[in-house]
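Undergrad: Okay, here's what each chain looks like letter by letter:
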Amino acid sequence: MSEYVFLYRGGETGRSPERIQQSMQKWMAWFKELGQNGHIKDQGQPLERTGKVVKGHQKTVTDGPFAEAKDIVGGYTLIEARDLEQAVELSKGCPILEVEGGVEVRPVMKLNM
Amino acid sequence: MTEPSEHLFRHEAGRIVSALTRIFGVHNLALAEDVVQDAFCRALEVWKFRGVPENPAAWLMTTAKNRALDVLRRERTARTFAPELGRWIESEWTLAPSVEELFAAPAIRDDLLRMMFSCCHPRLSEEAQIALRWVSG
Chain L
1 MSEYVFLYRG GETGRSPERI QQSMQKWMAW FKELGQNGHI KDQGQPLERT GKVVKGHQKT
61 VTDGPFAEAK DIVGGYTLIE ARDLEQAVEL SKGCPILEVE GGVEVRPVMK LNM
Chain F
1 MTEPSEHLFR HEAGRIVSAL TRIFGVHNLA LAEDVVQDAF CRALEVWKFR GVPENPAAWL
61 MTTAKNRALD VLRRERTART FAPELGRWIE SEWTLAPSVE ELFAAPAIRD DLLRMMFSCC
121 HPRLSEEAQI ALRWVSG
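The listed protein sequences correspond, in order, to chains L and F. Everything in the first sequence is counted per my numbering, starting at 1 for the first residue and increasing by one. Everything in the second sequence is counted per my numbering, starting at 1 for the first residue and increasing by one.
The following block holds chain F by itself, in its conformation from the complex (with noise of 0.2 Å):
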């Protein structure tokens, strides 16, 4: 069985909060944070007893991307989620491939930019800030 890196889980809720929340939006961080903490606690729970899988960050990155689906699926008519995502949210047939691509590699480095810039937003809360400072690392 092997372990998991020493920083494993803080390094991916930089990343994958970054990812979610260009997909949900800024004004929904705590709800990228839900998901974030469902799918870690998930890992968790099923790491301890059948051991860490051979990509731990990879399967992290896809067990959120599932719960952010079921997330835009169930809140799609009752919450306002990114700008950007605009109307692919709306259809099933575009659902699923932009929550894909916002979840590939070099837009995760983008994200994680884009939430430094996010962190300085003087519309936001400096508890937000401070929050977002912490995702970012």
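Okay, chain L solo, but in the shape it has when bound (with noise of 0.2 Å):
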């Protein structure tokens, strides 16, 4: 098994309290069925869209990112598959894919190639 993150960028789920409700069974129930499987290393952690971004060597602190909203991770999970073309198979399953949202799937470096 290798270990793959998986990055959730943009996605806007509607705000309606009945599309939010829908939503969040969705992204439950599809947790829920990664981790019943065992693909679930760690479920991860929500991100705010804005913090500060640091550059450089005058190591200049601006405001950002200032990505367009879809382009902006809004969160991560940490997934356990067996190569990458199952790891993607898996992320077909993210409810962000049915709110113009996107999932990248990284590989995560091993130690020892």
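If you are wondering where the hints come from, they were derived from the structure by calculation, not from laboratory data. Misleading hints may appear alongside valid ones.
If the Cβ cut is set under 8 Å, some of the chain L residues that face chain F in the computed set are [stated by the list, open to error]: (1) Arg15; (2) Pro17; (3) Ile20; (4) Gln21; (5) Ser23; (6) Gly44; (7) Gln45; (8) Pro46; (9) Gly74; (10) Gly75.
Okay, the calculated beta carbon distance ranges per label pair [as the list claims (entries may be wrong)]: (11) L:Glu68 x F:Ala104: 39 to 49 Å; (12) F:Ser91 x L:Arg49: 25 to 35 Å; (13) F:Glu6 x L:Ser2: 36 to 46 Å; (14) L:Glu85 x F:Arg10: 34 to 44 Å; (15) F:Glu75 x L:Phe66: 18 to 28 Å.
Each residue gets a CB set at the ideal place from its N, CA and C atoms; glycine is no exception.
Two chains, two frames, a set of hints: combine them into the complex.
TA: Printed below as a string of structure tokens:
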């Protein structure tokens, strides 16, 4: 088994109570299924959409990130899968895909390579 | 991980919008709805990773209350809020306790009733009356 990080980008749920309720239930069902099949190493954390960016020799501090809403990472999960192909397959169940968001699937580098 | 009850968000939307309308004034209904939606979106983000807290309704209420305090602090000079809140919002000493009181359980029961009366107020546009009916359940 190898480890992969899912980075959740963008995704607007719609803001009525009903939509939020539906979205919540879908996410919980998805995580539950991943967990039952032994794919979740760490369910991860949500991230605030804004913070600070520190850059360069000057260590310039700016507000940010000022990416478009659809590109901002809103959270991550650490996944265990056989290979990248399986990890991608698992990511296809993510409810964020139904609301114009995306999942970035990134293999965690292995130490023994 | 516990699951939230099936109608949690819809039920709480009515209760919280009622409390917020009492604080912001009926004329700021849209602002009250924004605050509720912000609180709900935040709940969704946090809960999907960490699970639903033991008392989700209280969590939503507290989040909305904190957002309301932010809004009142930021806009107390720019906007007029509910007249009955009056000068209580001018000072930090009285702001938080007043909002706290309006969010307490008995106050919210009164607020729901008040919202139902507000729905019938002849000065409201039909559109606003429908919106109010929606939040009152």
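Undergrad: When you take the CB atoms of Glu75 (chain F) and Phe66 (chain L), is the distance between them in 18 to 28 Å?
TA: holds, 25 Å
Undergrad: Please check whether Ser23 (chain L) passes as an interface residue: C-beta within 8 Å of a C-beta belonging to chain F.
TA: Holds: closest Cβ of chain F sits about 6 Å from Ser23 (chain L), inside 8 Å.
Undergrad: Does Gln21 (chain L) meet its interface restraint, that is, does its C-beta lie within less than 8 Å of any C-beta in chain F?
TA: holds, 5 Å
Undergrad: Holds or violated: the hint that Ile20 (chain L) contacts chain F, with Cβ atoms closer than 8 Å.
TA: Check passed: Cβ of Ile20 (chain L) comes within 5 Å of chain F, closer than 8 Å.
Undergrad: So does Glu68 (chain L) sit 39 to 49 Å from Ala104 (chain F), Cβ to Cβ?
TA: holds, 41 Å
Undergrad: Was the hint right that Gly74 (chain L) lines chain F, CB cutoff 8 Å?
TA: This interface hint holds because 7 Å falls under the 8 Å limit.
Undergrad: Does Gly75 (chain L) pass the interface check with chain F, least Cβ-Cβ distance below 8 Å?
TA: holds, 6 Å
Undergrad: Hint Pro17 (chain L) vs chain F: min CB-CB distance below 8 Å?
TA: holds, 4 Å
Undergrad: Given Gly44 (chain L) as an interface hint, is its Cβ closer than 8 Å to any Cβ of chain F?
TA: Holds, because the Cβ-Cβ distance from Gly44 (chain L) to chain F comes to roughly 6 Å (cut-off 8 Å).
Undergrad: Is 25 to 35 Å respected by the C-beta to C-beta distance linking Ser91 (chain F) and Arg49 (chain L)?
TA: Cβ of Ser91 (chain F) to Cβ of Arg49 (chain L): about 32 Å, so the range 25 to 35 Å holds.
Undergrad: Range first: 34 to 44 Å. Now tell me if the beta carbons of Glu85 (chain L) and Arg10 (chain F) are that far apart.
TA: The hinted range 34 to 44 Å holds for Glu85 (chain L) and Arg10 (chain F), with Cβ atoms some 40 Å apart.
Undergrad: Quick one, is the Arg15 (chain L) hint okay against chain F at 8 Å, beta carbons?
TA: holds, 4 Å
Violated hints: none; the structure is consistent with every hint.
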